[in-house]
Amino acid sequence: MLAIFYIIILMKVLSHYRVIDHTADLGIEVFGQDPVSLFENAAEALFDLITDLNRIEPAESRTVLVCGQDWADLMVNWLRELLYMWSAEEKLLGEARLKKLEENRLSATLYLESYTPEKHVIKTEIKAVTYHQIRVWPSSSGWKAQIIFDT
Amino acid sequence: MTTANIEKIDDYCWKIPKTGAMRVPGVIYASSSLLEAIKGEESLKQVMNVASLPGIVFASLAMPDIHWGYGFPIGGVAAFDLETGIISPGGVGYDINCGCRLMTTALCEDDVKNRLEELVVALFQNIPTGVGSTGRLKLSIKEEKRVLLEGAKWAVRQGYGEDSDIEHTEDSGCMTGADPDVVSEKALERGRKQLGTLGSGNHFLEVGVVDEIFDQKVADVFGLRKDQVTVLLHSGSRGFGYQVCDDSLVAMSRQVKNLGLELPDRQLACAMIKSPEGERYYSAMICAANYAWANRQMLTHWTRETFQRVLGIGPRDLKMELLYDVCHNIAKKEKHVVDGKTKWVCVHRKGATRAFPAGHEAVPRVYRSVGQPILIPGDMGTASYVLVGTEIAMTKTFGSTCHGAGRVMSRSQAKKASKGRSVQRELLEKGIIVRWTGRSTLAEEIPEAYKDVSEVVEVVHEAGISKKVAKVRPIGVIKG
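Going down the list, the protein sequences come from chains A and W. Mapping to this note's numbering: the first sequence position 62 is 62, numbers consecutive. Position in the second sequence counted from 1, then plus 1000, gives you this note's numbering.
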């Protein structure tokens, strides 16, 4: 029963993004029905690459405000903010809920858990969210974003 | 894929003539087989993009280990006029002053052979490695700012090493012009905990043996001899440098429109060298460069301690001396001859090493008769090289050469290629003991994931932009 539950979660996660393979680095293409789900799914994708999401049990929450010049800039700044929580504060993101989203700003509630080596696994070290080939665009089936990480 | 029009200059040098928005031509150092591999990537397009940036002089250069990077290619060299040119964080890279240092010892392979495993395990225990690893000391912000101002000199003053280490470090381990007040709180916070850590990915510490000497005269001056045990260290400015780069990219991308520039890639974000934004980045970048030198200096100290303890010998018998420390991700204001005139330029080396010739004032006195030592790490299964700088590099590449092997496989391709194999055992069969932290580090860093370092080195040697001195074979490796 538990296994089926995990598979469902895994499918949910996988359906939101795909990995683009590149020589030196790691890129993803993220999908969302609308901008809100696109930004939430991008956050989830980032932490799905970093860790095993199933092992995160959020124990704290906080609100963040992020600004950008346009959708693409906002996306990079949003993921940078989340990555900072991990790389500087050792907090893993369980869930992100957007409260407000415009093309040049967003506010969101983050549900976090402090990293515990005995409990969590680190799959990939993502060192930075780059501007390289960044794209956020509406498509016929919803919204899409392409993001390249430095690993 | 690149559709660039490429003209052959000679067997090791190729030119992309000026077209479209390019202000200068592109020049690529490569053998014909390396060039074929490079053509399959986007990196030649990136060489052309860099050639279109304001104030670039002479050419947009590429070393034979060039590969795709963000904005600027890795293995790229570009110099900009101080008055009319730009400075770009993407032309330096995230890991500011990522670099290498090589230590020589009085030991030969037989002295360590039977204790090698013990030695590698002890190094692995004493040197913090891995993702987000934190150091043995947690600095106050005030003390961290001293590190940013003083670099390796701070570390030596704290007891991590000797004065001769400073003399044998590029820029004496401390660039002038650091301003800690322009660094963000985020960068300070990340840096505070990570000083004195190796890091992860392609960073390593390698115990090696001098396998071959190509130039006896220069090797004698460098203090290298066949069968000698050496230690090669590859690390950078950790999370601190990443945050400085990130913060500067954000700031520059906001004001790049004011320059009236249409950038083909946002990661090329830049500012005029002589602008508040440009000056702020340069000062912050120097802080990160100094941080990296302090970091490598501390790791050096712990390496010495570990060797002495495991082998039960004193510092005089070990004689672990720093041969040299080079950085390969940096922007520097240097004097060069451009179109027959001596002028100051800002040289960006992203995955490229400085290669100054004999007689240059920046070369440490002890090496000045032969030229600056250059350290080229290979992958963990093959070899690393010691080269020396040349006059040809000064006239053709702003005194620059290659920096390493360069990846040919993505990390996930490497993981697939190593599935079902024991990389550790394969290395052991080659006589290399390895210890690592990250669960996929070893799979991602398999030797075949990299270009053949010997082929890369052959190109720079034949092109004359540096000369081979010695080859070092790894026997023990620790990785993050």
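These are calculated hints, taken from the structure and not from any lab test. Among the hints, erroneous ones may be present.
[Unchecked claim] One side only, chain A facing chain W, incomplete, derived with CB under 7 Å:
| no. | residue |
| --- | --- |
| 1 | Arg-18 |
| 2 | Asp-21 |
| 3 | Asp-52 |
| 4 | Asn-54 |
| 5 | Ala-88 |
| 6 | Ala-128 |
| 7 | His-132 |
| 8 | Trp-143 |
| 9 | Gln-146 |
| 10 | Asp-150 |
Every residue gets a Cβ at the ideal spot worked out from N, C-alpha and C, and that includes glycine.
Going down the list of hints, with the structure as the test:
1. Arg-18: violated (12 Å)
2. Asp-21: holds (5 Å)
3. Asp-52: violated (12 Å)
4. Asn-54: violated (17 Å)
5. Ala-88: Status holds, d = 5 Å.
6. Ala-128: holds (5 Å)
7. His-132: holds (4 Å)
8. Trp-143: violated (19 Å)
9. Gln-146: Check failed: Cβ of Gln-146 (chain A) comes no nearer than 12 Å to chain W, outside 7 Å.
10. Asp-150: holds (6 Å)
Hints 1, 3, 4, 8 and 9, counting from the list given before, are not met by this structure.
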